[in-house]
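The UniProt record's numbering applies: residue 1 is where the sequence shown begins, and numbers increase by one.
Calculated directly from the structure, the hints in this document are not laboratory data.
Note that beta-carbon positions come from the ideal geometry of N, C-alpha and C, so glycine has one too.
There's no promise every hint is true.
[What the hints assert, rightly or not] BS3-like cross-link-like pairs, simulated, lysine-lysine; straight-line CA separation at most 30 Å: (1) Lys174 <-> Lys82; (2) Lys14 <-> Lys337; (3) Lys39 <-> Lys14; (4) Lys108 <-> Lys91; (5) Lys39 <-> Lys262; (6) Lys87 <-> Lys283.
[Claimed, not checked] Here are the computed distance ranges between Cβ atoms for each label pair: (7) Ile168 <-> Tyr318: 33 to 39 Å; (8) Asp300 <-> Ala423: 29 to 35 Å; (9) Asp165 <-> Ser62: 23 to 29 Å; (10) Ile168 <-> Glu118: 53 to 59 Å; (11) Thr84 <-> Gln185: 33 to 39 Å; (12) Asn156 <-> Ile412: 24 to 30 Å; (13) Gln185 <-> Gln131: 19 to 25 Å; (14) Glu286 <-> Gly154: 45 to 51 Å; (15) Thr401 <-> Glu118: 27 to 33 Å; (16) Asp117 <-> Val381: 28 to 34 Å; (17) Asp117 <-> Glu286: 30 to 36 Å; (18) Ile326 <-> Val170: 27 to 33 Å.
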Amino acid sequence: MNIWKISIKNLKSKSFYTVLSIIILALSITLLLGIQQIKSSFEYQMENNLGDIDLVIGAKGSPLQLVLASILHLDNPTGNIKYTEAKKLAKNRLIKTAVPISYGDNYKGYRIVGTTDEFYNFYNAELEKGQFTKEAFQVVIGATLAKNLNLKLGDNFKSSHGLVDNTIDVHDDKLIVVGILKPTQKVIDCLIVTNLETVWDVHDHDDEEHTDSHESEHNDSEAHEAHEHDNEHHEHDGHDEHDHETTDEAHHDHENHYDEDKEITSLLVQFRSPVALLNFPRKVNESSNLQAAIPKYELDRLYEFTSIGFKTITWIAYLILIISGITIFVNLYKMVKERAFDLAILRTYGASNLQLIKMIAYEGFTVAIIAFLAGFLFVKVGLTLVLKTARLGFKQNIIKTLTFEDGMQVAILVFIMVTLSIALAIYPILKMNISTILSNEK
């Protein structure tokens with residue numbers, strides 16, 4: 001007697017109820033797996049991308065926006081700050097490392113970040129190919145970005161202004177790929193990293209295009225002044241040493257003026273001691289026009305807000321799981337009651353109670369297995385489609401792959417629920433009176 005074939009025929013004979021049970025159970029599994037994946041991805045992104053960054057300093061505005069924009073690169077910056085002010089703060093004895101970042105351009109939606117070499121240390125990023133940037137207009141790209149855009153060493157491209165891909169406001173300068181990073185599973189995998197000079201020069205060149213005509217009007221007067229200066233220089237040959245000192249001072253003043261004109265998006269700070277977090281942020285916020293935000297604090301607050309949504313959806317998933325368990329129980333119990341005569345006949349032909357119980361169990365677990373596979377597939381395909389169709393302003397993969405432990409937790413929960421439904425449904429089999437059933441049927 002093939003119990004398995006009988007179970008399959010029973011499921012097919014009640015195809016509507018079978019499909020209904022699968023859909024309801026698959027929906028609860030999809031919600032449980034989906035919310036678990038999103039929750040674990042959210043926690044992973046927050047913890048993994050913080051690295052050793054203790055503080056973010058930027059323009060006044062929302063501290064959470066500043067953190068999201070500067071660390072997770074999920075939002076627009078609150079504004080720019082003067083580079084000279086950032087450098088003054090970086091000299092504080094409490095600060096171990098201060099890394100400036102500047103951005104505002106993208107390539108096909110991937111952000112271009114101007115920074116220094118210390119930026120890589122926050123993510124423990126290492127080169128897979130090539131070298132780090134040494135000159136302006138050289139870039140190092142993340143592993144995910146290189147794969148998605150099929151970029152290789154030596155390739156060049158033009159960046160677009162803003163953080164959203166566009167073909168209208170494209171810069172003239174070409175950026176060349178000189179390095180590709182190893183995968184880190186962090187936000188840097190989806191960034192284009194260059195030096196600060198590149199970001200500044202790209203925008204300076206654009207500004208020069210608008211001022212070329214104005215500068216040409218002054219060329220003659222500047223040449224005349226230079227000629228007069230040369231005459232004065234020849235007239236005062238005895239003061240060469242004084243003139244040399246004056247030139248050095250002018251050069252130094254020019255450098256200071258150059259820095260004063262430059263701006264960055266924010267400053268990523270690592271302290272020498274956690275004690276600095278007690279007073280330094282408050283001092284920056286109160287005594288300057290800058291804003292200091294503590295990443296861990298802001299992201300913990302964000303998690304508190306979002307965790308309410310996570311918990312709500314999780315409880316909804318549990319409720320649907322209970323409903324699906326009741327549905328499976330009702331279908332199995334109904335089948336046992338309606339097929340009591342057939343089951344009694346099987347008993348007269350030598351089938352044991354255990355075999356009949358196996359038949360019911362096969363039906364219940366078949367529904368559970370199909371529903372679990374369907375739910376798992378819905379999560380994999382559904383989240384991918386959501387990310388692709390959401391038209392987000394960032395390109396990083398914020399969804400972490402489901403772990404084996406996450407899948408097993410849901411699978412065990414479903415197994416317990418289905419086992420309980422089967423245990424309740426087989427009760428009539430255990431109390432079945434064969435003679436009574438056969439006589440009543442006649």
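* Earlier hints that do not hold, by number -> 3, 4, 5, 7, 8, 10, 12, 16 and 18
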